[in-house]
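S.K.: Those sequence lines, one after another, are chains C and G.
Just so you know, we're using UniProt numbering here: the first sequence kicks off at 1 and counts up by one.
Just so you know, we're using UniProt numbering here: the second sequence kicks off at 1 and counts up by one.
Calculated directly from the structure, the hints in this document are not laboratory data.
It does not matter which identical chain is meant; a pair holds if it fits inside one copy or across any two.
Straight line, CA to CA, 27 Å or less: simulated DSSO-like cross-link-like pairs of lysine-lysine:
| id | residue 1 | residue 2 |
| --- | --- | --- |
| 1 | K301 | K149 |
| 2 | K55 | K212 |
| 3 | K301 | K156 |
| 4 | K301 | K90 |
| 5 | K212 | K90 |
| 6 | K227 | K149 |
| 7 | K255 | K227 |
| 8 | K149 | K217 |
Chain by chain, the residues run as shown.
Number of protein chains: 2
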Amino acid sequence: MTAQKIAIVGLGKIAKDQHLPSISRHDGFDLAAIASRSASGLDVPTYEDLETLLKSEADITAIALCVPPQVRYDLARLALEHKKDVLLEKPPGATLAEVHDLIRLADENGCVLYATWHSRHAMGVAGAKAWLAGRTPTSGRITWREDVKHWHPGQKWIWEAGGVGVFDPGINALSILTEIMPVDLHITAAELTFPENCDTPIAADIDFQGPKGFAMKADFDWRQTGKQTWEIEVETTDGTILLRDGGATVLIDGKEVSSDEALASEYDGIYAHFADLLASRTSDVDLSPLVHVADAFMLGKRVTTEAFYDEQ
Amino acid sequence: MTAQKIAIVGLGKIAKDQHLPSISRHDGFDLAAIASRSASGLDVPTYEDLETLLKSEADITAIALCVPPQVRYDLARLALEHKKDVLLEKPPGATLAEVHDLIRLADENGCVLYATWHSRHAMGVAGAKAWLAGRTPTSGRITWREDVKHWHPGQKWIWEAGGVGVFDPGINALSILTEIMPVDLHITAAELTFPENCDTPIAADIDFQGPKGFAMKADFDWRQTGKQTWEIEVETTDGTILLRDGGATVLIDGKEVSSDEALASEYDGIYAHFADLLASRTSDVDLSPLVHVADAFMLGKRVTTEAFYDEQ
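Bound-form chain C, shown alone (with noise of 0.2 Å):
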């Protein structure tokens, strides 16, 4: 098989911790390219943005788009009309309506269109997927509490309209959570918590519904100092189970289950599975985290709380 060459559009903190690295791991991808207004020092082409890269590099067939959700939509549909494949990092897109559109342009012209959930690839995603399928679900909590001080330092767009705020870990959740429940869940109320100076909600309580009496709270907040907690625990009539550590851990009924995978990271999780659609010439787009986090905002309450500031 010949490598795809592919090539990076947004060189910041996600794109140099985890897209470079698992590019670089897997066989199946040659790094070709990268566009970005930062890059330096780096052993490939470099250009200034995705148009001039474009232009000069013919023969790169898969993009990889980096950039914050706000404008990743201009660059995916450029990619789409050059008939280039193309991974999003998540969230697809600032709006349902924008990959609504990138669906039916990748559709039209033939090419791959894959929305990544990175958190889908921890560890023990698939082992709690399979155990649930059997059973049937009575209750359960989500816990994501982290620093966004440590995790986000700088990044401004999270803060502006558009960047979902606490959602953006919170989707992560999110992205698990509609991966691994056997049954569909909805959001029946939300409150959001903004701060005084911010377009995002640096906090959010969440009540899902499902079907036969299932209820299920999520708690998303982005203030947690010391031990960071990113948990998912489902009930069922049949035994609990609880995914620690943003779903690299698993403990079924309090004892912890070993997992048969061994990835290095979720990145290469995420590369290996673009490997596999591209060699079957098929998309990957499921907007389910996001409809949920569209949905927060259409039906949640908003409350105020303290100005944010990033460096203090």
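Since the structure of chain C is provided, determine the placement of chain G on it from the hints.
M.R.: Frame of chain C; chain G shown alone:
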């Protein structure tokens, strides 16, 4: 053809003003029962709630849900579980996820599910769609300004989370827009104005973008006294179309165009379409207007304005 035995659930303003008269005018429907806590003086059997109605009226085949969106899901699910065909007032739900769930359940149970958008049945909409079909839109505007105190007196639910505020009329404009436009649009920015004592916005300014530089703005406002304005204007490379009076009147390049249709009301159009769907056993659930509303809430900047009081 035997008339379909239909029941109305929720006898509020919209049921009394629109559903009852349109059902009585349509030969294909026979109003057989009503579920409402406040119904009286009607010559059909009336029940406290849908559950009681379903137990007593086994031969009813269709249910029209005219309750507020916050409580619609549980009732729709109950009706579908009893294998009834279901008509949903707009918006079809308080969240997108719950409507996705209803679509699946209707499909599983072989029921017809119809998410109505009454403004799509305004006189000028079909003609506007046909006129735009062969043209390239370049820009547009929506101006949807009305007096909430006149149209929604005492309706508390519109100000409660999930009631969507000014998007309650605004979604009528969006339902026309998504019906007539030959291209797909998405929201790029929004500003939502919340009264300081309300959980839903009283005004919204929205920017839409489409292919090839197409841009349009929507201005929704519930504080308009005096003349009421419900207009959609689209400029194309080959003329301009203006829908006035909520789609009842159409002007092309400034000249009023007469309509061939002669429906007595938008809701007559709804029940005519519902009869067609029942005859062909087909569902019709287009979520695109509600997707735009959810996108506006997810992407929108919030500003706070003076408190709103219904009675003054």
